[in-house]
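Here the protein sequences come in this chain order: A, B, C and D. Under our numbering, the first residue of the first sequence carries the number 1, and numbering increases by one thereafter. Under our numbering, the first residue of the second sequence carries the number 1001, and numbering increases by one thereafter. Under our numbering, the first residue of the third sequence carries the number 2001, and numbering increases by one thereafter. Under our numbering, the first residue of the fourth sequence carries the number 3001, and numbering increases by one thereafter.
Bear in mind the hints are in silico, worked out from the structure with no lab data behind them. Keep in mind the model is a prediction, meaning the values are calculated, not measured. Heads up, a few of these hints could be off.
As the list claims (entries may be wrong) - Covered by chain A, according to a simulated footprint, are these stretches of chain D (three or more residues, beta-carbon under 8 Å):
hint: 1; region: 3010-3019
hint: 2; region: 3061-3075
hint: 3; region: 3104-3115
hint: 4; region: 3118-3124
For each residue, glycine too, the CB sits at the ideal point set by N, CA and C.
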Amino acid sequence: MALDIAYFSWVRERMGVGGETVDIPESIGDVAALVAWLATRDDRGALAFAEPHRIRAAIDGVMMGPDAPLSGAREIALFPPVTGG
Amino acid sequence: MALDIAYFSWVRERMGVGGETVDIPESIGDVAALVAWLATRDDRGALAFAEPHRIRAAIDGVMMGPDAPLSGAREIALFPPVTGG
Amino acid sequence: MIRVLIRSSAIDVPAELDLHDAGGHGASASFIGRVRGDDGLAELFLEHHPEMTATGLADLGHAAADRWKLSALTLIHRVGAMVPGETIVLVLASSPHRAEALAACEFLIDRLKTDVMLWKRETFADGRTRWVEPREGDHGRAERWEQPVGGG
Amino acid sequence: MIRVLIRSSAIDVPAELDLHDAGGHGASASFIGRVRGDDGLAELFLEHHPEMTATGLADLGHAAADRWKLSALTLIHRVGAMVPGETIVLVLASSPHRAEALAACEFLIDRLKTDVMLWKRETFADGRTRWVEPREGDHGRAERWEQPVGGG
């Protein structure tokens, strides 16, 4: 399944890109599984997603919890907690 | 006793002057007595001081009650309650 | 910098903002009060007791500076005759911290309503004039500040 | 008039005040937040999620307009790289009544701190950089607004 992923803040810095289109395995069903899979995929992923409890997610512009399903998602954004205005 | 009296707001308008130096009888000892005396002195005083409970006073820049003594006063100001900024 | 003054000519808000702002403060809260043209108001005349108003404004400024950590404070009150849309009062309070700037600004504007020696006369389009009576609501807002408050 | 925007160039406070002010409102409350040069800060970089920040700011603006009787509302947030002294955020709220202008302004600045999708990175004079962690205090101030409030 092809999915657009956007990264922000130090997640972006560690991933080295602001976003990418990723082909994810069918077995990856929710946000937590995606984060765990990204952490094992390569070195930059290992660095960015070593601490999953520090990661927040939004699917198509709406904040979602770790058990939110990915099916139907157009874009998923992964980032640390916001620091506010 | 000569006393400088300043008038403000509608007290000033009814008195027709912003201030005057008035020679007051020795028997006038406090603010309330002064207001009562001004009310009987002439027509403009009768108009300005017909309702003594609507009159406030300051002696040398400090708000004072009706029983405040006049002795030692340099200037007494008479006016309605302030409307604020 | 504490800048407290009474003026009988127009208050130039952008110019005052520039003056106040020279330091570049973390947080600046402001309040601008203007003459409202309600009910056909044509002119608002503010009469003041010069010495008592000056003392009252200076005391208010110092009370705010004692209570909150402010890097700058501007408090300007217009007196005399003015028309709808003109600025009556300008409060600018700056602090490294936003909560202090906001609290000081609100304190100053609430207390201004009750602590200064001013009388307002309204003149309407039809020529009627009336002296404004004090409003009880203002005293309620000002008295909130008499109780100890958290923060600040 | 509700004017809500995100910009990556400098916020011109006097010009925005003029724009906001065209109507001549009874009471205008404002808040200006600026970059503080504490601890040798050389640059503040604000990263944002464009769509989510835009939605968050628009929702905030409408929430304030629903809650208080406002004649005008301006809410401008800077993003990108900026240096100490520059304006990060400008809030202007105007109403015929001062209590509503002050409350709306305070609501907006408190909620801005928690509701918008922004991340801050600090760069210091010695070259160190760090991403700012969220502050619990901000959430406390923003949550005050969840309870029903008197007035307004």
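Confirm or reject the coverage of the region 3118-3124 of chain D by chain A under the rule of 3 or more residues with a beta carbon closer than 8 Å to the chain's beta carbons.
With 4 residues in contact (Cβ-Cβ under 8 Å with chain A), the coverage given for the region 3118-3124 of chain D holds.
For the region 3010-3019 of chain D, count the residues whose Cβ lies under 8 Å from any Cβ of chain A; is that count three or more?
Contact hint for the region 3010-3019 of chain D vs chain A: violated, 0 residues under 8 Å.
How does the coverage statement for the region 3104-3115 of chain D fare against chain A, requiring three or more residues with Cβ below 8 Å from a Cβ of that chain?
Holds, because 4 residues of the region 3104-3115 of chain D bring their Cβ atoms closer than 8 Å to Cβ atoms of chain A.
Can you take a look at whether the region 3061-3075 of chain D is actually covered by chain A? Rule is 3+ residues, C-beta closer than 8 Å.
violated (count 0)
In summary, the numbered hints that this structure violates are 1 and 2.
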